[in-house]
Amino acid sequence: MNIMVHAPILAIAVPLLGAFALPLFAKVHRNLRDLWGAAVAGFTAAMAVALAVQAFTSGIQVYTLGAPSPTDTVVAGGFPIRIMLVVDALSAFMGLITTVLGLASLVYAWRFLREDQGKTLALTLFFLLWAGIYGLEYTGDMFNFFVFLEITSIAACALVGYRTWESRPPEAAFKTMALYTLGGLLVLLAVGILYGEYGALNIAYLSSKIRGALVDKVALGLLLGGLLMKAGTVPAHMWAPDAYGEAPAQAAIVLVGNTQASLYGLWRVLFTLFGGALFAPQVGWLVVALGTLTLLVAVLMAVIQVDLTRLIAYGAVSQIGYMLLGVGVGLTVLSGRPEFGLVAIRGGVFHMLNDAATVGLLFLAAGAVYRAVGSKDLRALGGLGHDLKWTGGFFLLGALALAGVPPLNGFASKILIYQSSFQLSPILAAIAVLGSILLLAVFVRAFQGAFLGPRLTKAEPAPLSMLVAMGALAVLVIALGLVPGFFLEHLVNPAADALWRGRDLYLAAVLGG
Amino acid sequence: MSVVVRTIARLLLPWVLAFGGYVIMHGHLTPGGGFQGGAVVASAVALVVIAFGAEGLKGQKNLFSFLEDLGAIAFVALAFLGIGSTFFRNVLAGGGGLFGTPVPFGPNPGWLNTGGTLPLMNWAVGLKVLAGLGSVVLLLALFGGKEDG
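Chains C and L are the protein sequences, given in the same order.
Read left to right, the first sequence gives residues -15 to 497 (my numbering).
Read left to right, the second sequence gives residues 301 to 449 (my numbering).
What the hints contain is simulated information worked out from the structure, not anything from laboratory work.
Don't take each hint at face value.
Unchecked claim - Here are the in silico distance ranges between beta carbons for each label pair: (1) L:G359 to C:W149: 22 to 30 Å; (2) L:G359 to C:I(-13): 39 to 47 Å; (3) L:G321 to C:A34: 38 to 46 Å; (4) C:G61 to L:G359: 53 to 61 Å; (5) C:R195 to L:G321: 42 to 50 Å; (6) L:L317 to C:S449: 45 to 53 Å; (7) C:N15 to L:G353: 51 to 59 Å; (8) C:T148 to L:G359: 18 to 26 Å.
As the list claims (entries may be wrong) - Calculated from the model, a selection of chain L residues having no Cβ within reach of chain C, i.e. all distances over 10 Å: (9) F319; (10) S343; (11) R389.
Since the model is a prediction, treat every value here as computed from it, not as a measurement.
Ideal Cβ positions, reconstructed from N, Cα and C, are used throughout, including at glycine.
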């Protein structure tokens, strides 16, 4: 058996099995549970990385479940009847982001979570969420996309709200659940419409059939609504500050990955599923408008926050706006294919990786603050820099990167977005720059409020495992900023090309030449 | 609950359980399957809770959560059986052994010993659902009625 052939499904099935078996191992001994978790996480990460290498070097990887051979995508007559995983450069790129966030979360959680506060439960839910995110990114089937969307929704809401001994997490989880369910239902309705019309659920097959009839437009609208809701864009962003704000830090960074997987689904729907229907300019402008609105509203809301994690949460929402702006600009000009459209998509896709590292770092640093002093209210915090030297440094690094200060990673992707959106309309670039300036002001205030000033209370420094997780993300933040060319060339450009002109390859990989 | 309810519950219980088992077992032949059958069995738990109170089943919480885990693991493990060719490959179908009788062409009364891994997966799902829904019913009955729940 060649294990590499099975890499796409193993990256989903192994964490799923890991999640189900974890509570049983925990009943035996907690060290056995930790060992099992580490083994599952290591294997999953290895599969995702190996799969990415394959996808980047030898093209799209297809895996057909239940078939005599993984590459038997169609039955006689050329119809893809089985469930399928299709991993192109963009899916592989998203898988790498998920891997980075998942490993950082797990290393951080090792010392961050306390045994008497539901550590086994949190780890189980983490693996379930992780498996669901990989599923969202690798699936080539619309109904499976919905199923994985529900898996991530349920696991994410449980992670937000499992700390029932506090009053706010369950409320945040309920709010999140309501919006996730609504979003999921919209997606399900759209999938039903497409299935009713074309009798198929396979993305590639549907894409080859969709011609832009009225029902297709309805389905597109429903998918857009559902996925944007799940991604936390304005005007459906109100769950995000609650969820990010109340989730424990190790869960919040996986929620970032979950949000990005929804955005990935949006790109897949817009560029691959509806790539042949040519709604591009109008839908592109819609995405651009929502992106601009999201970044502006989120940044303005961040200005007035006094809660550290809610403030970071609004920062995270504003970054979703930049991604939508970048990819939206590319979508708007998709039919004419001018050079700046590709640059815009590269900027948007690159920003997903940068956002994962930066926002992840900020949430982990905020978690360390909360663990040390039991508060995240900026009015009460102060002077933590005396005791939490490393955490303070990491927070400052993340804050500067999020605001797009060179030479950090946020700048590397934002400059691409500024340039290209300027060519579409200078107003867009101006708003994007304004958003970054406001973010800098917001985060400088947050850093000053939490870490500078006289020492108010004695704070216990963060344990080593938490520092290692933060350090790894910090190294990534610096590396992505110092040598963006390397990452662009090897990771981002192939992923952006998969959107820009990869639809034909995607269809050919599934349906045959 | 009154003696009438308790007596009828006692009479009905085996039939509910048998029907649930039937729905799970014939999942690959008739409408129904693991989820539906598991839900029927879980309704037996609800019947017991209503007729006799939840306190008696309090000790079964751990058993339920164990069975739920077991069902989920069994499902993934059954899917892994096919990894020699592909994940979820139905390796037992048509093999002649357990659930391996090839299905004859045309109308038939429903041969139970067919379907390969499908009936086994139905049992895995049934176990997961009966334990999952059962514990939901139990927990609602144990904690649901109180103000501070």
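Status of each hint after checking the structure:
no.	hint	verdict
1	L:G359 to C:W149: 22 to 30 Å	holds (24 Å)
2	L:G359 to C:I(-13): 39 to 47 Å	holds (43 Å)
3	L:G321 to C:A34: 38 to 46 Å	holds (43 Å)
4	C:G61 to L:G359: 53 to 61 Å	holds (56 Å)
5	C:R195 to L:G321: 42 to 50 Å	holds (49 Å)
6	L:L317 to C:S449: 45 to 53 Å	holds (48 Å)
7	C:N15 to L:G353: 51 to 59 Å	violated (39 Å)
8	C:T148 to L:G359: 18 to 26 Å	holds (22 Å)
9	F319	holds (28 Å)
10	S343	holds (23 Å)
11	R389	violated (5 Å)
Of the numbered hints listed earlier, those contradicted by the structure are 7, 11.
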